[in-house]
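Undergrad: Using the sequences and the accompanying hints, generate a full structural model.
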Amino acid sequence: MFILFVFLFGQESDIKLDTRQQTRIELSTKFGRVIFKSPRKDSEKLVPLVLDAIRQSSKFLAKYGVNIPQKDLSITLMEGSVDHLDLPEWLKKSCHPGWVQGGDKVIIIKRRVHDCVPGDFDSSFQRVLIHELGHVTLFRLREDFWVDQEVHEGFATWFEYQVLGLTPVLTDKICSSKNINFDLSPDGYLRAALIFFAFTPSDVLKVISTAQINELKAAYRKGLSKFCN
Numbered sequence: 000m001f002i003l004f005v006f007l008f009g010q011e012s013d014i015k016l017d018t019r020q021q022t023r024i025e026l027s028t029k030f031g032r033v034i035f036k037s038p039r040k041d042s043e044k045l046v047p048l049v050l051d052a053i054r055q056s057s058k059f060l061a062k063y064g065v066n067i068p069q070k071d072l073s074i075t076l077m078e079g080s081v082d083h084l085d086l087p088e089w090l091k092k093s094c095h096p097g098w099v100q101g102g103d104k105v106i107i108i109k110r111r112v113h114d115c116v117p118g119d120f121d122s123s124f125q126r127v128l129i130h131e132l133g134h135v136t137l138f139r140l141r142e143d144f145w146v147d148q149e150v151h152e153g154f155a156t157w158f159e160y161q162v163l164g165l166t167p168v169l170t171d172k173i174c175s176s177k178n179i180n181f182d183l184s185p186d187g188y189l190r191a192a193l194i195f196f197a198f199t200p201s202d203v204l205k206v207i208s209t210a211q212i213n214e215l216k217a218a219y220r221k222g223l224s225k226f227c228n
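Residues 0 to 228 in numbering that gives the first Met the number 0 are what the sequence shown lists, from first letter to last.
The set of hints was computed from the structure by calculation and includes no laboratory data. By construction, the Cβ of each residue, glycine as well, lies at the ideal position given by its N, Cα and C atoms.
Label-pair distances were calculated between CB atoms; the ranges are:
{"#": "1", "residue 1": "E25", "residue 2": "K91", "range": "28 to 36 Å"}
{"#": "2", "residue 1": "E25", "residue 2": "N228", "range": "49 to 57 Å"}
{"#": "3", "residue 1": "L84", "residue 2": "G164", "range": "29 to 37 Å"}
{"#": "4", "residue 1": "D171", "residue 2": "Q20", "range": "44 to 52 Å"}
{"#": "5", "residue 1": "K225", "residue 2": "E78", "range": "35 to 43 Å"}
TA: What follows is the structure in structure tokens.
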């Protein structure tokens, strides 16, 4: 199953919700205080899913001795169109279900989770959120990484697979690619994730705080060899 996500580098969008139709709930989590906003009719079902996604992510990090800095985090589930938002045109026209702004704002589009992510809504919503929490994690552990998209998307995709216990299935096209050549295709995300699959999880969570970006990218072929004959 392939899913597309995006991290918006330094871009802010004016997110306006109808307060009569949406719920704002404060949650205390291991990521810090979470402000969760969602359509009122969905909040009762979604709050446990949000808490469980954060619990799974926190449990994975704790397993390898990582205590993520606690800061305020906003998670918003939006209904309807994104046409009124200040977003790049390619993002408006694509099927990306979620993105992160500035490292502390997660935005997920309900309609795109339904239309663009295979599976039932609950599991798809959690998978999208866990991927975005990967972006949040990397931003908090190594703030200068936000300027490099392929490293950020690679880490978030790796994080998603690790937290959910998934194994990547590589196509022949990926296996024949000797360079990352990152793009916003499903193959592009998996190629970027191979940077991190080259390491053990414990090593990934150690090196991201100290390694130079070029050093990480150099691990791509090692990650490729783990899954391709």
